[in-house]
Amino acid sequence: MSYYLIILSGLMLGLPFVIPQFALLAWIGLIPMLKGLENRSWQQSLKLGWLFGITFLTISSNWLMEPIIKFSGYPLIVSALIFFICAAILALYFALFAVILNFLQKQFNVALLILVPIVWTGVEFLRSIYSFQFLFAFLGYTQSFIPEMIQFAQVGGVYLVTFIIVLVNTIFYVAWQTDKQKTSMIYGLIAILIIGGVFAYGRWELNQISSTKTNFRVGIVQPNIPQHKKLDSDYYSQLEKKLVRLSETEIQKNKPDLLVWPETAILRSYNLDRKFPYLKDYRTPLYVGGFVRQGNGPLNSALLVNDQGEIVNRYSKNILVPWGEYVPFPNIVPDFIETNLNHITPGKEKTEFNLKNVSWIGAICSEILNPDYIRDAYNQNDFIINISNEAWFGDSSAPRQVLQAAIFRAVEHQVPVVKIGNTGISGLISPQGKILKKTELLTTETLTVKVELPKREETIYYLIGDIIGRGSLIAIILLLLIAAYQRYNSKE
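The sequence shown runs contiguously to residue 492 in the UniProt record's numbering.
To be clear, the hints were calculated from the coordinates, so they are not data collected in a lab.
Cβ coordinates follow ideal geometry from the N, Cα and C atoms, glycine included.
Keep in mind that the hints are not guaranteed to be accurate.
DEER-style ranges, computed between Cβ atoms [what the hints assert, rightly or not]:
| # | residue 1 | residue 2 | range |
| --- | --- | --- | --- |
| 1 | ILE129 | ALA484 | 15 to 23 Å |
| 2 | ASN379 | ASN271 | 56 to 64 Å |
| 3 | ASN271 | TYR235 | 18 to 26 Å |
| 4 | LYS350 | ILE209 | 28 to 36 Å |
| 5 | VAL244 | ILE477 | 49 to 57 Å |
| 6 | THR444 | ASN271 | 26 to 34 Å |
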């Protein structure tokens, strides 16, 4: 019976990442798991937590199969095995959650209402540090498309939203387990009031009128170039013409202040000392993704081109994707694997872009998933631009999950985010996390969005960062140290 409960919980919590309409399942999806973990040994908890993790990740992150199958060159069964190994390794974090919860509950007899949210959030934060930059499937992200439910992110980031969701799950579970009907109803009412309170606070925040200092028009080009064509030099001329044609049309139609191309829009390197080779006659500043060669290898970069066609500033991606952009532990990886992988050099500096008295920072592709990095790079700028290339993932849920993270970054800093993807999803996110304008996935589109630039104020999250996640992890470590000390003393 426990195995069925664990699998059910994995399904309920994984589904909202694939079908956002099931977002509210996150508020009750952990209950079956807590039931399944009742009165188990640590070995049983380990197995059940691991099973939950595999189920949860197989549902929420099945998009990983897309690039493995299409671009690895391995047979389907080998690709499936690689995906399962990845899921099984990451699932160990959920096994760790189950084991720590089991141990601490027995050692201290502390109420689940305290332990479960702390342990889950602490382990989730730990996963953000040691998971090869796999910063997907954080529980708070399930609420991304309900703006009212995520406004607390400006206080404590995604980990505070996760903490609240897990707390509500735990209260509902305690209500279910309580024998006394009156007590059970009180617990249930408290859980409902917390959900209602979160929603009410979010609605209040959304109704606040923020003063705007100016508007800035950003043109978005979503060329929708399939990855196999981006990688094939026979298509380069055709792709260049498509991008230029789309750009010319958008410039003539809407006259944006800045035109943006996605990450590595054209798979080529640019010489910083030469003029940008495209759109020379249009006198429109461009922000484009491309490679810059420096030192030992190419840098995945974003370039600002002024209205004279000169490259005046650049940012190179600091945080690379392991296996996708660089090879971790190259000395132990077999040559036949390493030779088929990218070897991109990481950037070293954070860059602030300025144009017409407007400033922004650029996050390239997966960097938008990292709240700590964005907070470190952000310096009360007017907005954030995220360029990306999700063509690797086809019509899977991966582009939508990247959008979920971008929404949280907007709320955390109360700053507009402009997102531009090769195959989508592109658009404009308000400082409150509302999607004001967006494209569809796998469509060729251009549009110009009017970014209303609010007067800058530091959010609580900007000041304190991920204190909820970090504090939860520290609390776990302290409790484990106290438990170890108590056991050591009892033996003496």
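Of the numbered hints stated previously, which ones are contradicted by the structure, given in increasing order? Of the numbered hints, just 2 does not hold.
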